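**Q** Chain residues, written in single-letter form:
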Amino acid sequence: MSWQLAAGGWQSGFELCGVPLRGPVLNGSGTFDAIAARRAFGDALLEQFPFDAFVSKTITVEPRDGNPPPRLWETPAGMINSIGLPNRGLEGFLAHDLPQLVELPVPLVVSVMGFSVDELARLLSGVGERAEVAMMELNFSCPNVETGLVMGAEPEETEAAVDRLRPLTEKPLIVKLTPNAVDPAGVAEAAERAGADAVSLVNTLKGMAFDPRTGRAWLGGVTGGLSGPAIGAVALEQVHAVAERVRIPVIGMGGIASGHDAREFLDAGAACVAVGTENFRDPAAGRRVAFELAEPQALPVRD
Amino acid sequence: MSWQLAAGGWQSGFELCGVPLRGPVLNGSGTFDAIAARRAFGDALLEQFPFDAFVSKTITVEPRDGNPPPRLWETPAGMINSIGLPNRGLEGFLAHDLPQLVELPVPLVVSVMGFSVDELARLLSGVGERAEVAMMELNFSCPNVETGLVMGAEPEETEAAVDRLRPLTEKPLIVKLTPNAVDPAGVAEAAERAGADAVSLVNTLKGMAFDPRTGRAWLGGVTGGLSGPAIGAVALEQVHAVAERVRIPVIGMGGIASGHDAREFLDAGAACVAVGTENFRDPAAGRRVAFELAEPQALPVRD
Amino acid sequence: MTQAATAAEPRTLAPPGRRLARVTANDALGAYRLISAHDREGPLEPRPGQFYMLAAAERWGGGADERPYLPRAFSYARARRADRGALLEFLLEAVGPGTERLGSLDPGDELALVGPLGVGFRQPEVGTRPLLVGGGIGTAPLVCLADELGAPRVLLGFRSGAHAEAARLFERPSLATDDGSVGRRALVTELLAETLQDEDLPAEGLATTVYACGPPPMLEAVRTICAERGVPAQLALESGMACGFGACFGCVVATRDGYVRLCLDGPVLEADRLQAVPE
Amino acid sequence: MTQAATAAEPRTLAPPGRRLARVTANDALGAYRLISAHDREGPLEPRPGQFYMLAAAERWGGGADERPYLPRAFSYARARRADRGALLEFLLEAVGPGTERLGSLDPGDELALVGPLGVGFRQPEVGTRPLLVGGGIGTAPLVCLADELGAPRVLLGFRSGAHAEAARLFERPSLATDDGSVGRRALVTELLAETLQDEDLPAEGLATTVYACGPPPMLEAVRTICAERGVPAQLALESGMACGFGACFGCVVATRDGYVRLCLDGPVLEADRLQAVPE
Ligand SMILES: Cc1cc2nc3c(=O)[nH]c(=O)nc-3n(C[C@H](O)[C@H](O)[C@H](O)COP(=O)(O)OP(=O)(O)OC[C@H]3O[C@@H](n4cnc5c(N)ncnc54)[C@H](O)[C@@H]3O)c2cc1C
Ligand SMILES: Cc1cc2nc3c(=O)[nH]c(=O)nc-3n(C[C@H](O)[C@H](O)[C@H](O)COP(=O)(O)OP(=O)(O)OC[C@H]3O[C@@H](n4cnc5c(N)ncnc54)[C@H](O)[C@@H]3O)c2cc1C
Ligand SMILES: Cc1cc2nc3c(=O)[nH]c(=O)nc-3n(C[C@H](O)[C@H](O)[C@H](O)COP(=O)(O)O)c2cc1C
Ligand SMILES: Cc1cc2nc3c(=O)[nH]c(=O)nc-3n(C[C@H](O)[C@H](O)[C@H](O)COP(=O)(O)O)c2cc1C
Ligand code: FES
Ligand code: FES
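Protein chains in written order, with numbering that gives the first Met the number 0: chain S, 0 to 302; chain V, 0 to 302; chain H, 0 to 278; chain U, 0 to 278.
Calculated directly from the structure, the hints in this document are not laboratory data. A quick note: this is a predicted structure, and the numbers were derived from the prediction, not measured. Note that beta-carbon positions come from the ideal geometry of N, C-alpha and C, so glycine has one too. Be aware that one or more of the hints could be misleading.
Said to hold, decoys possible - Now the in silico label distances, taken between C-beta atoms and shown as ranges: (1) Arg83(H) to Asp117(S): 56 to 62 Å; (2) Arg83(H) to Asp177(U): 40 to 46 Å; (3) Ser11(V) to Arg255(H): 52 to 58 Å.
Said to hold, decoys possible - With the Cβ distance kept under 7 Å, some of the chain V side facing chain U (calculated, not the full set): (4) Phe40; (5) Gly41; (6) Ala43; (7) Pro68; (8) Pro69; (9) Gly219.
Said to hold, decoys possible - Some chain V residues judged to face chain H by a derived CB distance under 10 Å, without partners named: (10) Pro228; (11) Ala229; (12) Ala256.
In isolation and in its complexed conformation, chain S is listed as follows:
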């Protein structure tokens, strides 16, 4: 599971939860739509695919429209989104999205969220049985939807949920933690105890902005999630705290924009990293980060 540089590239044999990966750079769920990107970039996207595994946008049992616009607010070195998890729902995903995602040249991780453990169970069994899917990610952390917060904020809730869900699929199970918890490391330990194969963090921090012209909330969803370089230091602290307390691999993210940033997450104890908001600034950010990580000369010399 440990990640190391081999001269000029990734160590061969690198894997995450038993799934071989060509490198350690994933995308953050909801920050890259490979189907949309293929419309914009064509097949060149597949030839130069930016990530070493692709994580789908979070899906729910029922289709969702998402929050009313405006959904975006730019902040100092970051942004707030109140997207609200728009998605086609389980059926739509299986029928429409999955066949297209299979064409990607990397393993597929499907992210799911439920408003109850029952919903999560339906999603896990519905998606987890598909051979095209390499891993499942449980989004316990979306700050836009009430239950997401509750499930991932307390160790007990998390343990109970993962306990019930774990047997439902043979696929490796990643638990995505919310940063809006007092003790994310405690939640991670609980997930590990209940059989999670990996944890990923951080999701966005709860944030808000006011319309300067009206003094009212800017976002259609009123509050939203803060992401980008602004939250990097918070993410590093949480990844570090979690990695010290669990043995399962940690997928670190939050503000990663360069190989330099990614290496900080590896230093903090992450086994893999994920690029989120930086994808918006550069669709090839994942490749760039991977390249900078693999080329030691792109990074400060280690004494």
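Dock chains V, H and U with the ligands against chain S, hints included.
**A** Chains V, H and U with the ligands alone, transformed into the frame defined by chain S:
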């Protein structure tokens, strides 16, 4: 308690917890040392004092050296500090600092932190009885010192502590909340129930940085607190959530660098604002923020 | 994800990453700035109505309020083949930190850019003549469209004479300004209504396809006027964008069939897909 | 907080706020940059060893890693009275995003500045002759000190000939470079040891007061050499600073009596206050 613009300046009669203030701009505890600043700027500091009330750096019962350096790390639109609450201790504060702080042209708020409720009790009675002191702030939120986190992270702990401390002084009591809580508004409600006169937030977010040359923690204190514009959106969300649930005044802070930022906090429901990290970039930041708030033409027009 | 499914849309594919383009000129054009950049790696023929996400390669951010951070969307106004690559022209109105920073670039500085993105204007409906209607900075995407359509009728509206300088990018446009300083003192939508009124409708109806871009109230008026007369219209809309390639789901606009990502299904939308132009 | 208590320290007070100063020149000086700025509102006579916190007034931040955000500390190298105000000169070495941005300022651009800050060099001890020892960019505060002391002995050490160009700011300095390209191939601390060796010690001891600024290993060597010989030394240190005026407690340096804020009690410290030069 409500704050409004009067033509060309502050509404006369403005007050916080019964203490008359010439305006709504305070400093964040630990982000302006008026005694040091007077050494650097001389009496001009008093003539152009940047704040409408002065909040002292947090003091503890025993003197503290603080954390080993390095104590600072710059982040995108922010910084992490691991200062570690260096201070002269209760005796030293009363003997050395208080006589000098009395010369300031604005009301004095003394911030205190204890490693136990007993220590807080000693600080409250020791400082609270001094006529020179207008208000007391309980720092329940310093992420650098273990107990600070515990006391302010859960509603029950907060309520129990404030309950015991409230009778010990007649001075207005401000409870400074930690942002590293699942439900800061719940903690604020608990403080209000126990008799707090105001709440202030946010303190710094837990953060960390790694030395690029060694891969080890950069800060002498290993972890630190993130502040500055990077955390503004998180602060606004918490201030908004708290202001919706308590009736006591809220002192809002976190990344305020301009009158525009300050107005967002007032929009979010704050009665007063505090300037922290921006003081480091401009010692007159408090005055500038107050000016921009008072001059509507410096701000976007309200429809 | 088959190419065929979307082959029909007027979209030139973009290279799948951010690249640098050197600024070759940045000049005032009345109240606007006209920025040219040499795009060596991008496609030579973007489609009118498509846009690029732009950022300054250096010092994008760190302004008074620590913005901009995200790139900004701009329609290209003109694209020409140049020695190795394309010369792209953008027409900019400074409205905030991003447009101000871009407006301050000097020749020789570099732009970071992704594009062309989105779906451009579709061909006029069979048997109709195009009519271009632009308001303010919304004239930008119409410049290349007019070039492509070959001197179509163009109606332009501006706030003031300084803004109306942008009309120089068109051959013989009809002009309206809010203050009457140039052209008629009128709204461009009044010119539109009159033009459609004056038209001799052929038996089958459809004489004109309207192509419009401008501020939301103008577009809403265009939509209404065209809807009343049964005239097909294509509207180039704006919305706040973070990515420009469908990744963030932030730019949605409400249509009759629910939200669509404007950067992916737009920015040009057929007017009848909208109940109303948002905002 | 009485003025009297600190009146003795070599400190010129700063105006209590950030102000703007227009850059009048920014030239390469070998490997460094020499930036001049017209400070219309600050005091005319800062004390050698004091420093200013500088930031570019525009686009401070937004670099590749979204920094700088905080201002940066710089000793002034020279200050002259100018038409209305003072002309300040700073010698800069580009080591990161802040110094790179400052080094890219053009004449006419504005600096945001706070200062002068900190405590400067004290007078030489009675009966001693000053000896200035500078390493690399640490020569900066010695320029004005040399002017004030009136052509004292100056020993300078540099990495290379390009860096040694900064020696031109001094009259007849003794030079050492790491590569021997200019002056002796030696460390400046070797020059120091030899100079002190050669000295005829008067009966009472103290013949020299050393003033030193440079990288930590050099300063530590200066401290040891001087301590061994009982020569008083004043060291201008550096540490990471956020504010420069005692507000953040971030810049502390360990002394024999515990941590002191270098921006408030330094940057010049008497060498015997230190157990060792940190880092
Ligand atoms: C497809 C498309 C094509 C375009 N073509 C052109 C063109 O050719 N020429 C041109 O000049 N413009 C064009 N625009 C508009 C251009 O993208 C915007 O003017 C630009 O993004 C403004 O950036 P700014 O930083 O200057 O201003 P901003 O500060 O971003 O302000 C612009 C608007 O954004 C909102 N806003 C304010 N603060 C924030 C914040 N913190 N976060 C989020 N929103 C905020 C407000 O509504 C404000 O009016 C186009 C837009 C789109 C979507
Ligand atoms: C009193 C004083 C006087 C000075 N006088 C001069 C002078 O006259 N001329 C001159 O050229 N310099 C002078 N300096 C040094 C100057 O302040 C620094 O070179 C400058 O701050 C570097 O900023 P930067 O952004 O270019 O580099 P940075 O990126 O800040 O790198 C500088 C050092 O800071 C550390 N660092 C790296 N990243 C970070 C981070 N994110 N957060 C915190 N620390 C980090 C590393 O140790 C690095 O080597 C002086 C310093 C002091 C304290
Ligand atoms: C626009 C947007 C949409 C997101 N959608 C999801 C989502 O559907 N599911 C999820 O688990 N995380 C979602 N995230 C969180 C990211 O995956 C990531 O955890 C977070 O943004 C922090 O990383 P970053 O700072 O690199 O963006 C979203 C983030 C953004 C900015
Ligand atoms: C260097 C530094 C020291 C601080 N020390 C204290 C402190 O002693 N007590 C306290 O309650 N808060 C302390 N804070 C927190 C600030 O008062 C404030 O709550 C926080 O920085 C958020 O505001 P800002 O983003 O405007 O800085 C400190 C912050 C900084 C940056
Ligand atoms: S701008 Fe990101 S989806 Fe359209
Ligand atoms: S730099 Fe802030 S106290 Fe010295």
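**Q** Does the closest beta carbon of chain U sit nearer than 7 Å to the beta carbon of Ala43(V)?
**A** holds (5 Å)
**Q** Does Pro228(V) meet its interface restraint, that is, does its C-beta lie within less than 10 Å of any C-beta in chain H?
**A** Since chain H brings a Cβ to about 5 Å from Pro228(V), closer than 10 Å, the hint holds.
**Q** Ala229(V) was flagged as interface toward chain H. Is the shortest Cβ-Cβ separation under 10 Å?
**A** Check passed: Cβ of Ala229(V) comes within 8 Å of chain H, closer than 10 Å.
**Q** Taking the least C-beta to C-beta distance, is Ala256(V) closer than 10 Å to chain H?
**A** holds (7 Å)
**Q** Under 7 Å is the threshold here; is the Cβ of Pro68(V) close enough to any Cβ of chain U for the hint to stand?
**A** Status holds, d = 6 Å.
**Q** Should the hint that Pro69(V) touches chain U count as held when the rule is a Cβ pair under 7 Å?
**A** holds (6 Å)
**Q** Note whether the CB distance of Arg83(H) and Asp177(U) lies within 40 to 46 Å or breaks it.
**A** holds (44 Å)
**Q** Have a go at the Phe40(V) hint: is there a Cβ in chain U nearer than 7 Å to its own Cβ?
**A** Since chain U brings a Cβ to about 4 Å from Phe40(V), closer than 7 Å, the hint holds.
**Q** Does Gly41(V) pass the interface check with chain U, least Cβ-Cβ distance below 7 Å?
**A** holds (4 Å)
**Q** Do the beta carbons of Arg83(H) and Asp117(S) sit within 56 to 62 Å of each other?
**A** holds (60 Å)
**Q** Given Gly219(V) as an interface hint, is the shortest Cβ-Cβ distance to chain U below 7 Å?
**A** violated (10 Å)
**Q** Does the Cβ pair Ser11(V), Arg255(H) satisfy 52 to 58 Å?
**A** With Cβ atoms ~55 Å apart, the hint holds.
The earlier numbered hint that this structure contradicts is number 9, and it is the only one.
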